[in-house]
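Visitor: These protein sequence lines map, in sequence, to chains A and B.
So in this note's numbering the end of the first sequence lands on 81, straight run, no missing numbers.
So in this note's numbering the end of the second sequence lands on 241, straight run, no missing numbers.
Since the hints were derived computationally from the structure, they do not count as laboratory data.
All the given hints hold, so there is nothing to weed out.
Label-pair distances were calculated between CB atoms; the ranges are:
no.	chain 1	residue 1	chain 2	residue 2	range
1	B	Arg207	A	Glu12	52 to 62 Å
2	B	Pro204	A	Leu37	35 to 45 Å
3	A	Ala63	B	Thr38	44 to 54 Å
4	A	Pro60	B	Ala42	48 to 58 Å
5	B	Arg202	A	Thr55	43 to 53 Å
6	B	Leu106	A	Thr26	40 to 50 Å
7	A	Lys15	B	Asn227	21 to 31 Å
Backbone N, C-alpha and C fix where the C-beta goes; we use that ideal spot for every residue, glycine too.
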Amino acid sequence: MKRSDILQLLQEILKRQGKPSDVAETAELSAIGFRSLDFSELALRVETASGRPLTFDAAPLRAIRTVADVLDFLQTASGQP
Amino acid sequence: MNPNAVIISGGSRGLGLVLVKHVLARGCAVATFARSATPDMAALAKEFPDRFLFEPFDSANTAAMDTFVGKVFAKWGGIYGLVNNAAIGQDHLLANMPVEVIGQLLDVNLKAPILLTRAVVRRMLLGGGGRIVNITSICGQRGYAALTVYSATKGGMDAFTRSLARELGGRGIWVNSIAPGFFPSAMSSSLAARQLDTIRRRTPTERLCKEEDLLPVLDTLLFAESNITGMTYVVDGGSSI
Numbered sequence: 001m002k003r004s005d006i007l008q009l010l011q012e013i014l015k016r017q018g019k020p021s022d023v024a025e026t027a028e029l030s031a032i033g034f035r036s037l038d039f040s041e042l043a044l045r046v047e048t049a050s051g052r053p054l055t056f057d058a059a060p061l062r063a064i065r066t067v068a069d070v071l072d073f074l075q076t077a078s079g080q081p
Numbered sequence: 001m002n003p004n005a006v007i008i009s010g011g012s013r014g015l016g017l018v019l020v021k022h023v024l025a026r027g028c029a030v031a032t033f034a035r036s037a038t039p040d041m042a043a044l045a046k047e048f049p050d051r052f053l054f055e056p057f058d059s060a061n062t063a064a065m066d067t068f069v070g071k072v073f074a075k076w077g078g079i080y081g082l083v084n085n086a087a088i089g090q091d092h093l094l095a096n097m098p099v100e101v102i103g104q105l106l107d108v109n110l111k112a113p114i115l116l117t118r119a120v121v122r123r124m125l126l127g128g129g130g131r132i133v134n135i136t137s138i139c140g141q142r143g144y145a146a147l148t149v150y151s152a153t154k155g156g157m158d159a160f161t162r163s164l165a166r167e168l169g170g171r172g173i174w175v176n177s178i179a180p181g182f183f184p185s186a187m188s189s190s191l192a193a194r195q196l197d198t199i200r201r202r203t204p205t206e207r208l209c210k211e212e213d214l215l216p217v218l219d220t221l222l223f224a225e226s227n228i229t230g231m232t233y234v235v236d237g238g239s240s241i
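Only chain A is shown next, with the shape it has when bound in the complex:
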């Protein structure tokens, strides 16, 4: 799945919660209010869009700090680094 498509899904999740959605890849997740359940939802949406089951441990998620980290992780997990 393309990086820009994943970013768009991420922005839609933020928008639905009334949070600013025009976020840069350098944005810190804590600053934009993107929480672990938002990541979980994003992974489900990437899974649906890519048609590939995505399962992963929670440990690597704790190292994720920025929007770019999220996109890197999900691109890799969905098989399109």
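On the provided structure of chain A, position chain B as indicated by the hints.
Guide: What follows is chain B alone, placed relative to chain A:
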């Protein structure tokens, strides 16, 4: 999304059937499954052709369960509630208990509801919240001989309830347990009549549980704006105090 679609596992008889009828009477769409159909399932399908779905399969059949959840989601456009009710009982001293029976209890009473919950939560996260109610047992909190593994599964579901509530609370998905005491019939048939008499004598309300005793609590946990999550509600006439 249909805000009123509720899945109730093991709804063909006993407590599950009472729960199914009650939630239907509240106007919800109800989907349930059990190992085999009963005349009640056919009657409900006839009475509520647009709001009732029954499929016969064993809850240990995880592939069928996942397909079922997908079918419910597609049929009603969302899943608002899940009641994990299906369970099997036990009547064995641990030392003499067949290993296969231990496996069955863990599969049906613990693994299956966890997998069913996972399948439903994946839909709820994309849909905007929901309610999950796990029917556990007083056995999860108190000790009863010959109910060791059953107790472990029910205590496990109470623990699952608390951690899942922590995990999902931020998305409006509330998770709670109802832990009934002993019923005179069905699941507690493994207890000898003498044991049930003892429990009854020691119960402040001087009677065992009726299935209907759970309904006011279920209403609160499924339908009320209560801000309650991660809790286990004991409905046992005070026998465990």
